[in-house]
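Engineer: Chain residues, written in single-letter form:
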Amino acid sequence: MPPAGILVDGLVQSCIYMTMAFGMVLVFSILGILNWTHGQFYMLGAFVVYYAVTAAGIPFPISILISGGVIGGLGMLVGRYVIERVNVPGLGLLYVTAATVALNFFFEGGAGMAFGLEDKGLYNALPGVLDLGSFSVSYQKIAVVIFTLVIMVAMYVVLNFTKIGLAIRAAAQEPGAASLYGVSVGRLSIIVMGIGCALAGMAGAIMAPVYGVNPFIGGLPLIMALLAIIIGGIGSLTGAIVGGLILGLFSSIVPYYLGYISELALFLTVITLLIVRPQGLFGVPIRR
Amino acid sequence: MKFGNYRKLLPKIVVGLLIALIFILPVFTTSLVTLSKFVQIGFWAIAAMGFMLIMRTGQISLGQATFMGLGGYTSAVFMVKFGLPFWPGFFMAGIVAGLVALAVGVVAVRAGPIAFSIITLALAEIMRIIAVSWEPVTNGSKGLVITPPTHIMLGNFEINFATSAVPNYYFIVILVAITALIFWQIDRGRLGGIFRVIAVNPTLAEHQGIPLTKFKVLAFTVAAVFTGFAGSFYAHFLGVMSPDMYGLWQSIQALMMGIVGGISSLVAGPIVGAAVLNSLSDILSRLPVYSIKPTLFGAIVLLVLLFLPKGTGLIDLWRIFWSKVYKEKPITTDNTH
Numbered sequence: 001m002p003p004a005g006i007l008v009d010g011l012v013q014s015c016i017y018m019t020m021a022f023g024m025v026l027v028f029s030i031l032g033i034l035n036w037t038h039g040q041f042y043m044l045g046a047f048v049v050y051y052a053v054t055a056a057g058i059p060f061p062i063s064i065l066i067s068g069g070v071i072g073g074l075g076m077l078v079g080r081y082v083i084e085r086v087n088v089p090g091l092g093l094l095y096v097t098a099a100t101v102a103l104n105f106f107f108e109g110g111a112g113m114a115f116g117l118e119d120k121g122l123y124n125a126l127p128g129v130l131d132l133g134s135f136s137v138s139y140q141k142i143a144v145v146i147f148t149l150v151i152m153v154a155m156y157v158v159l160n161f162t163k164i165g166l167a168i169r170a171a172a173q174e175p176g177a178a179s180l181y182g183v184s185v186g187r188l189s190i191i192v193m194g195i196g197c198a199l200a201g202m203a204g205a206i207m208a209p210v211y212g213v214n215p216f217i218g219g220l221p222l223i224m225a226l227l228a229i230i231i232g233g234i235g236s237l238t239g240a241i242v243g244g245l246i247l248g249l250f251s252s253i254v255p256y257y258l259g260y261i262s263e264l265a266l267f268l269t270v271i272t273l274l275i276v277r278p279q280g281l282f283g284v285p286i287r288r
Numbered sequence: 001m002k003f004g005n006y007r008k009l010l011p012k013i014v015v016g017l018l019i020a021l022i023f024i025l026p027v028f029t030t031s032l033v034t035l036s037k038f039v040q041i042g043f044w045a046i047a048a049m050g051f052m053l054i055m056r057t058g059q060i061s062l063g064q065a066t067f068m069g070l071g072g073y074t075s076a077v078f079m080v081k082f083g084l085p086f087w088p089g090f091f092m093a094g095i096v097a098g099l100v101a102l103a104v105g106v107v108a109v110r111a112g113p114i115a116f117s118i119i120t121l122a123l124a125e126i127m128r129i130i131a132v133s134w135e136p137v138t139n140g141s142k143g144l145v146i147t148p149p150t151h152i153m154l155g156n157f158e159i160n161f162a163t164s165a166v167p168n169y170y171f172i173v174i175l176v177a178i179t180a181l182i183f184w185q186i187d188r189g190r191l192g193g194i195f196r197v198i199a200v201n202p203t204l205a206e207h208q209g210i211p212l213t214k215f216k217v218l219a220f221t222v223a224a225v226f227t228g229f230a231g232s233f234y235a236h237f238l239g240v241m242s243p244d245m246y247g248l249w250q251s252i253q254a255l256m257m258g259i260v261g262g263i264s265s266l267v268a269g270p271i272v273g274a275a276v277l278n279s280l281s282d283i284l285s286r287l288p289v290y291s292i293k294p295t296l297f298g299a300i301v302l303l304v305l306l307f308l309p310k311g312t313g314l315i316d317l318w319r320i321f322w323s324k325v326y327k328e329k330p331i332t333t334d335n336t337h
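Residue numbers (my numbering), protein chains in the order written: chain A, 1 to 288; chain R, 1 to 337.
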């Protein structure tokens, strides 16, 4: 059994991967594409909260919401002016993948040019640790877990008990029928894009005090969220959450035993899972 | 028409002259700096062609750097650890890259196009980790120091790769030419049609009795073989092979060159894209601005995707140019491929 600190770290990482994967799958369920720019929205969210706290002096919790709003707006713009324009019928997947991968590097390089490459710390946003006898947990990590729980409950409520949630579920299940009942699927997809990106932005914002901010922090959460989606099954929201939980714990517990080679173990596990079950844990058989 | 269809002939003459110029370029300059830029462009052109061949089947590979690195490492290990000359290692590079692609492709293709992108992305990362941590064979992050291809004797005439850049230049030109010919034949033949129908309408393809997995894996493997050849030669040209040479950015560069050149064109597009982006990259790396390269490359790809007609790229500007010059009906482009 690894030390409790490692389990806590794994849980914190799980939370981030869950939030990221959830946003990506939400977008996928409506638009049928994966947004490869998601990791950069995470990075930009961290930058927004960094400048909101240090330059504008806004309290940290409010900055997180601001970050969600800004990144959500940016995501809507990307959805409207990039993804919608290249998502042609038939080959939309290819064009959207190429466009969002390009956008990914555009944002990463742009952030490097605008904000500089060096690490920016926000380490005193939530100072203090919670002493639990044999080990202690910083308030920042507790905040990450609580934030994720709040987000998940909020998303559950929104998706299941509100009108827009009903519309999202309907459009995900049967876009044609949903539009017959007065749901504007085009507008809904922009809104969902905004929600998904806002989740990524807020995840980046809440993690800013834990790991620091630089233009390259978006890559790892993106890859991990993608692997979480693959594990859970592409298109399944439950799968995204379970996949994120598995990956976060896996990627902090296995290195404790295996060290550097653990990434290899991680990828091989995912590939083995795909051999056994190509559609992932919770996925429906693939529509090719 | 009296003099034959010169309007159609003239573009062909221009292209022919360009190709002839490429073949006689060493007459004008033999400087290592200039020719190594062309070697670089040729290497990237092959990588981008491989990417486009995979994209023909409706999948996006984000791990082409895997096969560049695999090719380089195979022949480097053969040379350094087994003491073999360049040529067996060169052919083994293609074979090993192809075998790995075959094994991975069978798994990745079955999981669907989105998972394919993610798995190829992860594959590149796996290869990097193996290259760093398998020290007895790959020498870890220190890398392997290798020599240029062994010299060839043609009668009394010696082709020595080590002393001059010219043989290296001709090597890559011939490699690009062979790759281009094979890919061109694939594209215009029955196989190209099969690839397109798989990409555009997989359901129809399946109902026509086309085994999807088989052809998708085939495209992936063929692309990997040629990328492996190119990677092997390029490693020997540079004289060093280390794990940091091929990462995510290199895979993405293959994507960007292919897309910028033109999605509808399998051979000419990647060559043009590689030439344009590589020259641009040379200029940008002299500027004292950090991370301007990914920003600008990303922006160029986005502009091409957003503002040129779907399915076209820079290579199609050339066609539109000729049709404008001769007041012909402009070539309409459909967005099927």
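Treat the hints as calculated values from the structure; they're not laboratory data.
Glycine included, each C-beta is placed from N, C-alpha and C at the ideal position.
Some hints here could point you the wrong way.
Unchecked claim - Some chain A residues flagged as far from chain R (calculated, every beta-carbon gap over 12 Å):
id : residue
1  : LEU117
2  : VAL158
3  : TYR211
4  : VAL242
Unchecked claim - Below, computed lysine to any residue pairings styled on SDA-like, alpha-carbon distance capped at 25 Å:
id : chain 1 : residue 1 : chain 2 : residue 2
5  : A       : LYS120    : R       : LYS214
6  : R       : LYS293    : A       : GLU118
7  : R       : LYS214    : A       : PRO278
8  : R       : LYS142    : A       : LEU264
9  : A       : LYS120    : R       : LYS12
10 : R       : LYS12     : R       : LEU317
11 : R       : LYS293    : A       : SER29
12 : R       : LYS293    : A       : VAL276
Engineer: Compare the structure with each hint and give your call.
Structural biologist: The hints, checked one at a time:
no. : hint                  : in the structure
1   : LEU117                : violated (6 Å)
2   : VAL158                : holds (25 Å)
3   : TYR211                : holds (20 Å)
4   : VAL242                : holds (17 Å)
5   : A:LYS120 <-> R:LYS214 : violated (49 Å)
6   : R:LYS293 <-> A:GLU118 : holds (18 Å)
7   : R:LYS214 <-> A:PRO278 : holds (16 Å)
8   : R:LYS142 <-> A:LEU264 : holds (20 Å)
9   : A:LYS120 <-> R:LYS12  : violated (56 Å)
10  : R:LYS12 <-> R:LEU317  : holds (15 Å)
11  : R:LYS293 <-> A:SER29  : violated (33 Å)
12  : R:LYS293 <-> A:VAL276 : violated (41 Å)
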